[in-house]
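Protein chains in written order, with our numbering: chain A, 1 to 111; chain B, 1001 to 1114.
Just so you know, these hints were derived from the structure itself, not from any lab.
One or more hints might be untrue.
Here are some, though not all, of the chain B residues that point toward chain A, as calculated from beta-carbon distances under 7 Å [what the hints assert, rightly or not]:
#1 Asn1048
#2 Gly1052
#3 Met1055
#4 Arg1102
#5 Leu1103
Covered stretches of chain B (chain A as the covering partner; in silico rule of three or more C-beta atoms under 8 Å from a C-beta of chain A) [claimed, not checked]:
#6 1022–1031
#7 1104–1113
Predicted model only: the values in this text are computed from it and were never measured.
Using N, Cα and C, we set each Cβ at its ideal position, and we do this for glycine too.
Spelled out, the chains give:
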Amino acid sequence: GEKVEQHESTLSVREGDSAVINCTYTDTASSYFPWYKQEAGKSLHFVIDIRSNVDRKQSQRLIVLLDKKAKRFSLHITATQPEDSAIYFCAASSGGYKLTFGTGTSLLVDP
Amino acid sequence: GPKVLQIPSHQIIDMGQMVTLNCDPVSNHLYFYWYKQILGQQMEFLVNFYNGKVMEKSKLFKDQFSVERPDGSYFTLKIQPTALEDSAVYFCASRRQFSNERLFFGHGTKLSVL
């Protein structure tokens, strides 16, 4: 089955800098890649997603890149703010029922 | 926005007892999920439910686990009997379409098995 690896377990950046979180997946049939944010003790909130028919998507300060050949996708947060501090989860779906999550990246934005 | 509600937020029970976790999915959603998270770590897929049936389940979905949604009421996860390793936060999620669409998550039920 699908395996999603999230490469950075922790990431620390200064406020205003960019943060990049990288994920890889194994199933070449995967076609949907969402990102979720989880603040301490809270639920997962959808952040942004990308589908395999495009290789880049931007929503305000968030950019997602998808490299299907390398089976890699990444989340770029530009102009980071302290409220961006949270755990970020990448996920992948091959069009089946389930979403497979990465192990999470704890992002800390230092003011 | 659309909300998934979970009841209760925290449940404490003794090992061996039965527990039922309740989820009220988004009203027009058709696909329902349970995920398990231990200590704020990885979200582990347990089960997906559609049209009254389990469509897919993982190895974590042990024989002691069951799910149902009788007559459009709560979507429930029942564990009987519970074990110490069942202690975790259980998240319910739902989505409208089969795939390639975001999941909406509830706030989770923290289950503590003593």
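Exercise. Does the nearest C-beta of chain A fall within a distance shorter than 7 Å of the C-beta of B:Gly1052?
Worked result: Violated, about 15 Å.
Exercise. Going by Cβ atoms only, is B:Asn1048 closer than 7 Å to chain A?
Worked result: Hint on B:Asn1048: holds, closest Cβ of chain A at ~4 Å, below 7 Å.
Exercise. Can B:Leu1103 be said to touch chain A, with a Cβ gap under 7 Å?
Worked result: holds, 6 Å
Problem set entry | Per-residue hint verdict: B:Arg1102, partner chain A, C-beta under 7 Å | Check passed: Cβ of B:Arg1102 comes within 5 Å of chain A, closer than 7 Å.
Exercise. For the stretch 1022–1031 of chain B, do at least 3 residues have a Cβ located nearer than 8 Å to some Cβ of chain A?
Worked result: Not satisfied, violated; 1 residues make the cut.
Exercise. Given as covered by chain A, does the stretch 1104–1113 of chain B meet the bar of three residues or more with CB within less than 8 Å?
Worked result: holds (count 5)
Exercise. Taking the closest Cβ pair, is B:Met1055 under 7 Å from chain A?
Worked result: holds, 5 Å
In summary, the numbered hints that this structure violates are 2 and 6.
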